[in-house]
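4 protein chains.
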Amino acid sequence: MSQTIPVPSVPAPDIIRCAYMEIVVTDLKKSRDFYVGVLDLQVTEEDETTVYLRSMEEFIHHNLVLRQGPVAAVSAFSYRVRSPEEVDAAEAYFRELGCRVERKKNGFVRGIGDSVRVQDPLGFPYEFFYDVEHVERLAWRYDLYSPGALVRLDHFNQVTPDVPKAVDYMENLGFKVTEDIQDAEGTVYASWMRRKSTVHDTAMTGGDGPRMHHVAFATHEKHNILAICDKLGALRLSDTIERGPGRHGVSNAFYLYLRDPDGHRIEIYTQDYYTGDPDNPRVTWDVHDNQRRDWWGNPVVPSWYTDASTVLDLDGNPVSLTQRTDDSEMDVTIGADGFSYTRREDATTDVDEHSGAGDGEDEFKLGHQL
Amino acid sequence: MSQTIPVPSVPAPDIIRCAYMEIVVTDLKKSRDFYVGVLDLQVTEEDETTVYLRSMEEFIHHNLVLRQGPVAAVSAFSYRVRSPEEVDAAEAYFRELGCRVERKKNGFVRGIGDSVRVQDPLGFPYEFFYDVEHVERLAWRYDLYSPGALVRLDHFNQVTPDVPKAVDYMENLGFKVTEDIQDAEGTVYASWMRRKSTVHDTAMTGGDGPRMHHVAFATHEKHNILAICDKLGALRLSDTIERGPGRHGVSNAFYLYLRDPDGHRIEIYTQDYYTGDPDNPRVTWDVHDNQRRDWWGNPVVPSWYTDASTVLDLDGNPVSLTQRTDDSEMDVTIGADGFSYTRREDATTDVDEHSGAGDGEDEFKLGHQL
Amino acid sequence: MSQTIPVPSVPAPDIIRCAYMEIVVTDLKKSRDFYVGVLDLQVTEEDETTVYLRSMEEFIHHNLVLRQGPVAAVSAFSYRVRSPEEVDAAEAYFRELGCRVERKKNGFVRGIGDSVRVQDPLGFPYEFFYDVEHVERLAWRYDLYSPGALVRLDHFNQVTPDVPKAVDYMENLGFKVTEDIQDAEGTVYASWMRRKSTVHDTAMTGGDGPRMHHVAFATHEKHNILAICDKLGALRLSDTIERGPGRHGVSNAFYLYLRDPDGHRIEIYTQDYYTGDPDNPRVTWDVHDNQRRDWWGNPVVPSWYTDASTVLDLDGNPVSLTQRTDDSEMDVTIGADGFSYTRREDATTDVDEHSGAGDGEDEFKLGHQL
Amino acid sequence: MSQTIPVPSVPAPDIIRCAYMEIVVTDLKKSRDFYVGVLDLQVTEEDETTVYLRSMEEFIHHNLVLRQGPVAAVSAFSYRVRSPEEVDAAEAYFRELGCRVERKKNGFVRGIGDSVRVQDPLGFPYEFFYDVEHVERLAWRYDLYSPGALVRLDHFNQVTPDVPKAVDYMENLGFKVTEDIQDAEGTVYASWMRRKSTVHDTAMTGGDGPRMHHVAFATHEKHNILAICDKLGALRLSDTIERGPGRHGVSNAFYLYLRDPDGHRIEIYTQDYYTGDPDNPRVTWDVHDNQRRDWWGNPVVPSWYTDASTVLDLDGNPVSLTQRTDDSEMDVTIGADGFSYTRREDATTDVDEHSGAGDGEDEFKLGHQL
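Protein chains in written order, with UniProt numbering: chain E, 1 to 370; chain S, 1 to 370; chain R, 1 to 370; chain W, 1 to 370.
So that you can see chain E by itself, here it is in the shape it has in the complex (with noise of 0.2 angstroms):
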């Protein structure tokens, strides 16, 4: 397959967790609308072209920049490294990885200092900071809590042509995979990789790439995730679900999937498991195993395969897209060149008939649906 990336000689900057999308919105005020009126995001400062978002728990500047611009695409994934030194260290390894690197004392953004953006090379344009400015922490805020309060950004989810490509480049970075989806042939349909200590900062979505899958944030139970449903369905904007509210396979948690006024993809999620130890054990999940994804069985819609959102270069240019070579997860696993089973023992009788989902009870389940 394509290349592998070169491990740099100068070491990995030390990247402390993902702390910020900045993504570009076609209508500010349309945005605005979704993610404070509908999300209750809160605003940390905002002019006319710009928004600047934070959850309940954050203490930094924001976790999300709204810019108006002519194109939906996805301007920044940024992370926050331990310190300010970090910085550098993020600088020389991009520099010797060859890519494009800028470097702003002032910050790209609002509430951010020195930082430093590259377009990495699998295409994404990766933000490095450590100097911010603090806000009030919200925590305790309850006057301000609505039902469906989003209380941490918890991770990204990148789609990628070649994820163990991908996996390899993040590994180098200093990231740990916690989870993958794979076949018997070793196929590597996603990863999840971590900084902090959940299950991902940030994941690798096998697909045409680079585009943003979707970024996601967390709440405290569950039942805040029904709430968003719920007052989406209230205000008549219930065809921004897209998928779910379901309990992942991958991760255990729960989740929920939306759209945003321009189609980019927010995650609702919240009660994945502690991975912070350094021999935490890795879970590798049969890309045939319809539990995946969805733990209850309940089907993946094409669209969440399908759809991505355009990322930038740091001239503000879509980046053009690499196809993915390597089998699709849609293919392999619904329709009819796919199979998907509930039991690893009802698999290996339906693997020759390529029929899967098609036995009896479960057709109401997949059958049906393509």
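In short, the hints are calculated from the structure, not lab data.
Heads up, some of the hints might be wrong.
Copies of the same chain look alike in the list, so a pair counts if it fits in one copy or across any two.
As the list claims (entries may be wrong) - Dumping the calculated SDA-like pairs for lysine to any residue here, alpha-carbon to alpha-carbon at most 25 angstroms:
{"hint": "1", "residue 1": "Lys104", "residue 2": "Val135"}
{"hint": "2", "residue 1": "Lys176", "residue 2": "Glu136"}
{"hint": "3", "residue 1": "Lys176", "residue 2": "Glu85"}
{"hint": "4", "residue 1": "Lys176", "residue 2": "Ser197"}
Take the given structure of chain E and dock chains S, R and W to it, following the hints.
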């Protein structure tokens, strides 16, 4: 359409509530594993051919009877009446209707005394009783609660071809309509009716009938329903989840539909609203409103519309079906001939094209499904 | 003890449910801030002296009326009856009892039509009405729900010196006892009574009376009640929390008691059980059972026993109190003269010494409190 | 104050997290009934004298060891370090501190390999290990979850007379303070410190020490904690509930304190916040702020301040206590000599009189307690 059911000259029996359902299962051990081992219903008593089950807050002998038999079916929808005399009233009422009526002073099943069973004018095996053995109400026995504990029998749901005819008959029997689904032409697709002060004791769903659509048990909270899904996943029984979990539009309740080992449909249900005032406002939903059956706009799987359980006559023989001649809810809402809208204003534009969900945003919810 | 209240020759009115309470508050703005700003009750309408509030699932005009006045008090416990004729029945019933009775065709408050108000034989201002303005049932308006949304008026609670006398009177009025607290000598300390199918529409609590002990609103789930506490903490109003949150023994409900700016006690309540069967088993609790009022054995604060609101007669004057002569629940359960047990077998050993909670393990729960 | 603990010249071991506690219980069967039968911790293995328990999401051998012994006590606070070499680092570090140090290549308990145990400068039996037997992470085993399932060991809490001295020592050992309780004069009453990215791995609570204040396990959601209370009520063990449930001010977590059959204190805890950034803001609470330990202002029972478990030295003998000479948090906050305020502005008025909670409204919360 079909002839109206006459109103007897004698008063209708004073029904308190739906009390239990008796179902025939083809493999008692398997069914017991499902209802007791998975759903944690409490066994009041059992023998080689029958298991008597109740929910945590029940004080009468049972809410569900599983009886071993050759063909999966329903042998009784059983209601409790207000006094022993009301059993006489029930007998007189259905005799005047010309129905087949059986009376047993010692009851048709254990734990229940003087009862009358009828094959009602719609073809359903209805039972009425007052006398019942009291057993321990386990409401305070939190040492016995499981994460998904079922606390009450909530309602039945019946499939019948002519909903207005069925509603008319049920209103005469003393039921009150709380909600229904109609279209602009006045076709009634389903109707919810109560005796106790909840949204329903039973509902009439349009389709070939008489058949049993589902029997529903209540939990205390929404997370209890999610816990049942999680457990089914852990047991690799996620393919028993037919639909949900989700929020109903009709009833405003949180729901989940399961299929037992014989395919009998069980709903798990929580948090509808008080309906006990005589002028409780009826809610009529437009059949094309995509949030009527799932407030979050998640699709109803076709099997949910098409599948239902056979009911038995008083001799234990399957009752033959009468076809629905009115429009089918499934046909008018999904697929090439149907349409659904999330916002009423969107509907008016789309009607001509019968495309409904076919516009951009919500394709992932509906357009790709069928 | 005191004389029994006679049974009128005319039938009692057919009461459906407790419907609203009218309370007099001394600072309307402060009270509005509490009920609307903190508890998020919905304003149906308001003017300079009066605020009409309802819960999320209500369809009648209001469940609570705040009226500006000189002295904090309760001016009406209002019940809805089944039909206009039942208002006549109420008038006749209380006239025969020799009570002061007032009838207003246009109602005593906005939104309510033909009503009768009486000062009942126990001294309480009771109202009965059928005619009421319907307003939007906000049950589906999840855009308006707060984390602690109140969804129904659940019940009243009244303080009266002679509980058996009060129960006898209420049973004649058509109420049914669901639970009570007694001791081995047959002293009745409190009794819960229902019309609708919950544990109560009102309760009679032994003490100097007539006074209003509390009015209770229901939430959907337990976390809603916790959210109210969290919000009160955030607003630095935690000292309005008088007792709880906790689980009741009686009623099995989850509860919280607040005190409004005038000291009126509000209960927030969720998840009692269905009581609608005529032979619903009555639960009698031993007054010395330390789990009767809090299933977790957490202490009842003395103010909860001693404080209650003044009630007004039909001229708006405070009703003078009659002292309780039976034992006081507080006295017999806590402090030097009382005892409580967690396990009945412990009680029998401890009774002689009246030490109850004085043995090692549970000192932290009771022994140190008083 | 007492002498500062010196800083060794060798680096502190790289601690990942609190991993398990070993406690001595006087009746193993009774303790097993409590931790397994009531709290549903999972048994990894057991023999006649020892039971090894873990939480649902744990993958190392155990989080709690119950060992039969003559006197209730704690024999180890055990931390996991990042690598085998860090066990060497721990040994060197504490040897330089002049502590009693023991090293066992095969571990002090089953399932754990090479370990070092020390009696640390504060007198506590601390253990450090890396090598551990992996066992099944039961996170996805929802068939095993109970309504109150414990999913993680969260933290320890230690009683020590001189909190600033202890904090200084812990900071040198690599811990970071996240929150503390102080007064205007700078007296420190308690301090919370973390290695993993939660509010704490351990806390130092001022009092006669060394003693173990509590060990805490996490649940997923708040209702899980309520379910434990409900179950204790059903088992007539409500007198094992010492304090709570409630919301902490410090940590913002929802909590419950239980006492096991030997009086060892167990906290059940959920929903604190992410603290993993190096500049995570420290929160300092005023000792007179009545919401610091319970956000809802519910009183802390005196036993919670006064009781704690004996700790053992490396020979298994109880470590003798050093008295706290700084002010006691209980004394300065409750009773005749203390004061607490709900609103800071109220405090300034009340300080002179030392009456604090003595004014009208909140008497029911504090004034009547002591």
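Those earlier numbered hints the structure runs against, lowest number first: Those not satisfied: there are none.
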